[in-house]
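S.K.: Sequence:
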Amino acid sequence: DPRRSMATSWSTFGRCARVASASAASTSASSHRASPPRVHRRCRRAGMGASTARWPIPPSDQLRRTRGGRVVAPAPRSFADGAPPPPIRDTSSGDDNGRPDELPVPVLVECAMLSALTGLLFHLSTLFRLDAYFGALFPLPIVIAAARNGPKAASRVAVVTSMLLFIISGPLRAVNYYCLHGAMAYSLGWAWTKRFSWWVSIPLSATVRSIGIFCSLMFTSLVLRENVMQLMVTQMMGLLDQIAANIGMSWMPTLGWVWAMALFFVLLNSLSYVVILHAVFTILLRACVPQGDEFVNAPKKIRKMLLGPNATP
1 DPRRSMATSW STFGRCARVA SASAASTSAS SHRASPPRVH RRCRRAGMGA STARWPIPPS
61 DQLRRTRGGR VVAPAPRSFA DGAPPPPIRD TSSGDDNGRP DELPVPVLVE CAMLSALTGL
121 LFHLSTLFRL DAYFGALFPL PIVIAAARNG PKAASRVAVV TSMLLFIISG PLRAVNYYCL
181 HGAMAYSLGW AWTKRFSWWV SIPLSATVRS IGIFCSLMFT SLVLRENVMQ LMVTQMMGLL
241 DQIAANIGMS WMPTLGWVWA MALFFVLLNS LSYVVILHAV FTILLRACVP QGDEFVNAPK
301 KIRKMLLGPN ATP
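Just so we're aligned: the sequence shown equals residues 1 to 313 in our numbering.
One or more of the hints may lead you astray.
As the list claims (entries may be wrong) - In silico SDA-like links for lysine to any residue, alpha-carbon gap of 20 Å or less:
{"id": "1", "residue 1": "LYS194", "residue 2": "PRO290"}
{"id": "2", "residue 1": "LYS304", "residue 2": "SER197"}
{"id": "3", "residue 1": "LYS152", "residue 2": "PHE196"}
{"id": "4", "residue 1": "LYS194", "residue 2": "LYS300"}
{"id": "5", "residue 1": "LYS194", "residue 2": "PRO299"}
{"id": "6", "residue 1": "LYS301", "residue 2": "ARG195"}
{"id": "7", "residue 1": "LYS194", "residue 2": "ARG286"}
{"id": "8", "residue 1": "LYS301", "residue 2": "ILE276"}
{"id": "9", "residue 1": "LYS304", "residue 2": "TRP199"}
{"id": "10", "residue 1": "LYS304", "residue 2": "TRP198"}
{"id": "11", "residue 1": "LYS152", "residue 2": "TRP199"}
{"id": "12", "residue 1": "LYS152", "residue 2": "MET113"}
{"id": "13", "residue 1": "LYS300", "residue 2": "ILE276"}
{"id": "14", "residue 1": "LYS304", "residue 2": "PRO290"}
{"id": "15", "residue 1": "LYS301", "residue 2": "VAL275"}
Bear in mind the hints are in silico, worked out from the structure with no lab data behind them.
What you are looking at is a predicted structure, and each value in this text was computed from that prediction instead of being measured.
Input sequences plus hints: build the corresponding full structure.
M.R.: This is how it looks when you write it as structure tokens:
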């Protein structure tokens, strides 16, 4: 019967086609699993293998085929799809390669804002001759950075502020800020981070400020091409000579005594300035930083005097 023979031939042809397609699919799957992952041509030119390739091929179960027959990888998931955010690097220690650890992005943004605020405040105060009234506020942003994120953030704020003032106001004011306020504020924040008492932090910060005053005078002498320290000592000798003549004294101090007196008054000025900063920051850091009064590590009696009897012990 021709109809029966034609149906038999079509069924045989369909069975053969299904067997052929199944064998081809199994062969392609086995060859895809057995073949090593492909390497991008840029990696191949650079001599990188499949293990060090910059663009590795995803597994076969993650691939999908388009209408045109191309095999593409799925798009990376976003945070909205449930993918975890990238981890923030821990800044407590360095990485495996021995490189210095980096600050997280929120800390860098906070340091940039504090640096901009400090630079603008110092520039405007020196421009309008108001630096004598805002002298206690210049070290405050660096101390806030040390209280919130550690000494490394405080050093970042001091350096960035000096660079900003170097661009805005020139090198002289940038160096003056770093020597008079930046280094002293960093030493103050570092001492409080290490939980040192005021008997250690006050002499340490006063010494750093005294050294900064002399460094500032040296740099000013270099810029002006004139010895500013020698002019100050000469003026002091003339003043002492006039005072001795008015009161009828015949004794006149030598140049060494004048230098010793200048050093003593610089140390006294730095010591009194740092003591005032300790008292002011004990009050201000309580409002600016959580548990700021504990960060200052003030003695109990001074804390009760400044913050009241309800202060935390």
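S.K.: Are the hints correct? Go through all of them and say.
M.R.: Hints, one by one, checked against the model:
| no. | hint | in the structure |
| --- | --- | --- |
| 1 | LYS194 - PRO290 | 17 Å, holds |
| 2 | LYS304 - SER197 | 16 Å, holds |
| 3 | LYS152 - PHE196 | 18 Å, holds |
| 4 | LYS194 - LYS300 | 18 Å, holds |
| 5 | LYS194 - PRO299 | 16 Å, holds |
| 6 | LYS301 - ARG195 | 17 Å, holds |
| 7 | LYS194 - ARG286 | 18 Å, holds |
| 8 | LYS301 - ILE276 | 16 Å, holds |
| 9 | LYS304 - TRP199 | 18 Å, holds |
| 10 | LYS304 - TRP198 | 15 Å, holds |
| 11 | LYS152 - TRP199 | 24 Å, violated |
| 12 | LYS152 - MET113 | 16 Å, holds |
| 13 | LYS300 - ILE276 | 17 Å, holds |
| 14 | LYS304 - PRO290 | 18 Å, holds |
| 15 | LYS301 - VAL275 | 15 Å, holds |
Hint violations for this structure: number 11 only, all remaining hints satisfied.
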